[in-house]
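J.: Sequence:
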Amino acid sequence: MSETVARGSVAMTLKARRPAYSVMQECLRVQAEAPALTRRQRLFGHTPLSADAQSWYQGALGEIEVARVLAELGPEWTVLHSVPVGSGESDIDHVVIGPTGVFTVNTKHHAGKKVWVGGGLVTVGGHRTDHSRNSLHEAARASRLMSRAADFEVVVTPVIVLVGEASLSVGKKAPTVPVVVVARLRKWLMNGPRVHSPEALAYLAMVAEERGTWHTEALVLTDTLRHEHRFERLRRDIDDAARRRRRWRVGTALGVLGTSGGVAIAVVATVTSTVVSTFG
1 MSETVARGSV AMTLKARRPA YSVMQECLRV QAEAPALTRR QRLFGHTPLS ADAQSWYQGA
61 LGEIEVARVL AELGPEWTVL HSVPVGSGES DIDHVVIGPT GVFTVNTKHH AGKKVWVGGG
121 LVTVGGHRTD HSRNSLHEAA RASRLMSRAA DFEVVVTPVI VLVGEASLSV GKKAPTVPVV
181 VVARLRKWLM NGPRVHSPEA LAYLAMVAEE RGTWHTEALV LTDTLRHEHR FERLRRDIDD
241 AARRRRRWRV GTALGVLGTS GGVAIAVVAT VTSTVVSTFG
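Per this note's numbering, the sequence shown starts with residue 1, numbered consecutively.
Everything labelled a hint here was simulated from the structure, so no lab data went into it.
If you're wondering where the values come from, they're calculated on a predicted model, not measured in any experiment.
Do not rely on the hints blindly, as some may be mistaken.
[What the hints assert, rightly or not] Distance ranges between label pairs, derived from CB positions:
#: 1; residue 1: VAL250; residue 2: VAL155; range: 50 to 60 Å
#: 2; residue 1: VAL170; residue 2: VAL250; range: 37 to 47 Å
#: 3; residue 1: LEU121; residue 2: ALA166; range: 11 to 21 Å
#: 4; residue 1: VAL170; residue 2: GLU89; range: 27 to 37 Å
#: 5; residue 1: GLY171; residue 2: ASN134; range: 18 to 28 Å
#: 6; residue 1: GLY192; residue 2: ALA36; range: 20 to 30 Å
[Said to hold, decoys possible] Result set (BS3-like, lysine-lysine): computed pairs, CA atoms no more than 27 Å apart in a straight line:
#: 7; residue 1: LYS113; residue 2: LYS172
#: 8; residue 1: LYS114; residue 2: LYS172
#: 9; residue 1: LYS114; residue 2: LYS15
#: 10; residue 1: LYS187; residue 2: LYS173
#: 11; residue 1: LYS187; residue 2: LYS113
Just so you know, even glycine gets a beta-carbon here, dropped at the ideal spot from N, CA and C.
All chains should be modelled from the sequences, with the hints used to inform the complete structure.
T.: Set out below in structure tokens:
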């Protein structure tokens, strides 16, 4: 028995794979190297998230939000998340199979950024990105792997999905890869012409759900929920810290504005008492 199997791995389909699994895993790995917050830092709402883990954390939130929208598709649709590809740790954020086609979804969480797209170029905050090139490569790879497993050509369409962007502008040239904001994703997927019969959909879903279609290692680790629970705990800690910072800001602002009358002072005292009581 191999070491992987001995540690509790079982043969499972990718339907069991949770959204953002890979980025959650990397976020937690990087975050584990961060020093623990002091009591004073926790008191004043210092974020527990390290700077190095920030991009992984935002990426995970983006994939989770896209997965929430994809879950609203009807029963004819199959959605797979964090699909492992090749022999390493590369993955596809989401693979979507439905009446209108097979899609690879590349999630990009660009919170508060202006996004522009034209032809093969996607800029974020005025800076060029490789979003289009990477998405095309991802779809071509998915098409090759699925075609080999299905024993016929499977056309795969890439799509870039934006989460949290400040705005999306489109240039004169049509985008090489469709770029869709998450709120419009469901409608975009469903509005295309039907290209697959129910029988074809069932077969493609069966092929796609097999990890061996995508990855050289045909076993799936059973620690998905463990990582998910750890990530949710980190998310709660980050949200709690943000709430404490807001309380301190409100209390301080009221203290500055209301020095005559004592009401604001009482508010500051209440905020302080609430936060302090949280830490005993």
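J.: Given the proposed pairing of LYS114 with LYS172, does the C-alpha separation stay at or below 27 Å?
T.: Cα-Cα ~17 Å, so holds.
J.: Assuming the hint says 37 to 47 Å, is it satisfied by the Cβ distance from VAL170 to VAL250 or not?
T.: With a Cβ separation near 40 Å, VAL170 and VAL250 satisfy 37 to 47 Å, so the hint holds.
J.: Measure nothing beyond the straight line between the CA atoms of LYS113 and LYS172; if it is 27 Å or shorter, mark the hint as holding.
T.: Since the Cα atoms of LYS113 and LYS172 sit roughly 21 Å apart, the hinted pair holds (cutoff 27 Å).
J.: Does the Cβ pair VAL170, GLU89 satisfy 27 to 37 Å?
T.: 33 Å, holds
J.: Under the criterion that the straight-line Cα-Cα distance not exceed 27 Å, is the pair LYS114, LYS15 satisfied?
T.: 34 Å, violated
J.: So does GLY192 sit 20 to 30 Å from ALA36, Cβ to Cβ?
T.: 50 Å, violated
J.: Cβ-Cβ distance between GLY171 and ASN134: within 18 to 28 Å?
T.: 19 Å, holds
J.: Given a hinted range of 50 to 60 Å, is it respected by the beta-carbon distance of VAL250 and VAL155?
T.: 54 Å, holds
J.: Does LYS187 pair with LYS113 here, judged by a C-alpha cut-off of 27 Å?
T.: Given pair LYS187, LYS113 holds - Cα atoms ~23 Å apart, limit 27 Å.
J.: Quick check on a hinted range of 11 to 21 Å for LEU121 and ALA166, using CB atoms only.
T.: 18 Å, holds
J.: LYS187 and LYS173 were given as a pair; does the straight-line alpha-carbon distance stay at or below 27 Å?
T.: With a Cα-Cα distance of about 23 Å, the restraint between LYS187 and LYS173 holds, given a limit of 27 Å.
Consistency with the previously given hints fails for numbers 6 and 9, ordered from lowest to highest.
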